[in-house]
Amino acid sequence: GNSVTQMEGPVTLSEEAFLTINCTYTATGYPSLFWYVQYPGEGLQLLLKATKADDKGSNKGFEATYRKETTSFHLEKGSVQVSDSAVYFCALRHRGSTLGRLYFGRGTQLTVWP
Amino acid sequence: GAGVSQSPSNKVTEKGKDVELRCDPISGHTALYWYRQSLGQGLEFLIYFQGNSAPDKSGLPSDRFSAERTGGSVSTLTIQRTQQEDSAVYLCASSLELAGEQFFGPGTRLTVL
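Listed in order, the protein sequences are those of chains R and P.
Using this note's numbering, the letters of the first sequence correspond one by one to residues 1 to 114.
Using this note's numbering, the letters of the second sequence correspond one by one to residues 1 to 113.
Please keep in mind that the hints were generated in silico from the structure rather than gathered at the bench.
It is possible that some hints are incorrect.
DSBU-like mimics (lysine-lysine), calculated; alpha carbons at most 30 Å apart, straight line [what the hints assert, rightly or not]:
(1) R:K56 with R:K68
(2) P:K17 with P:K57
(3) R:K52 with R:K68
(4) P:K17 with R:K49
(5) R:K52 with P:K57
Which residues of chain R face chain P? A partial, calculated answer using Cβ under 10 Å [as the list claims (entries may be wrong)]:
(6) F34
(7) Q45
(8) Y103
Using N, Cα and C, we set each Cβ at its ideal position, and we do this for glycine too.
Produce the entire structure from the sequences given, and follow the hints as far as they go.
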């Protein structure tokens, strides 16, 4: 079946630190991969995506590379800010009969201190 | 409207009561999705609607859960005979087409006492 596993939080960092949130997936075929972010009091927002192997998604200084060989899509940012404090969700969407649904990881809470 | 809206934002109910949660998708979006976010289960898919096609109900956890989408726009998620384990945040999303980017609403927090 399809599933996503991401590192458990919470993750606490100082401002300007390097961030990595690990995400691995299980899926048949070649899914599309996503990172969503949920800021405090707000709805889920798409942060970045990649639709095929070796694609790199990027947005707001965050990056993630679709690695088929390791079935991973780790989220990275070189220098985090206090405003990056949020919950981050890794997700996949399969291209088969379940095209419409997203499969989410459990989320990783990130807190950045000044 | 500018985005997906959901109502109510919070709902407290007693065990055994029925509840209805509403979702207004972005105008023109043909696909609409319901997810549930709970401490124990994370974010899980419930159901989606695409145009006039039969909905994918494969994620509904029991027959107490049902959803409809009237006129291809507004959707209502109904939970009958609520149980404490139904307590969660219910999220609605819509997309222009089935494979398109999903835009999420702010959610309805349901608490079953």
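Do the hints match the structure? See the list:
no.	hint	result
1	R:K56 with R:K68	holds, 12 Å
2	P:K17 with P:K57	holds, 22 Å
3	R:K52 with R:K68	holds, 8 Å
4	P:K17 with R:K49	violated, 40 Å
5	R:K52 with P:K57	holds, 28 Å
6	F34	holds, 9 Å
7	Q45	holds, 7 Å
8	Y103	holds, 7 Å
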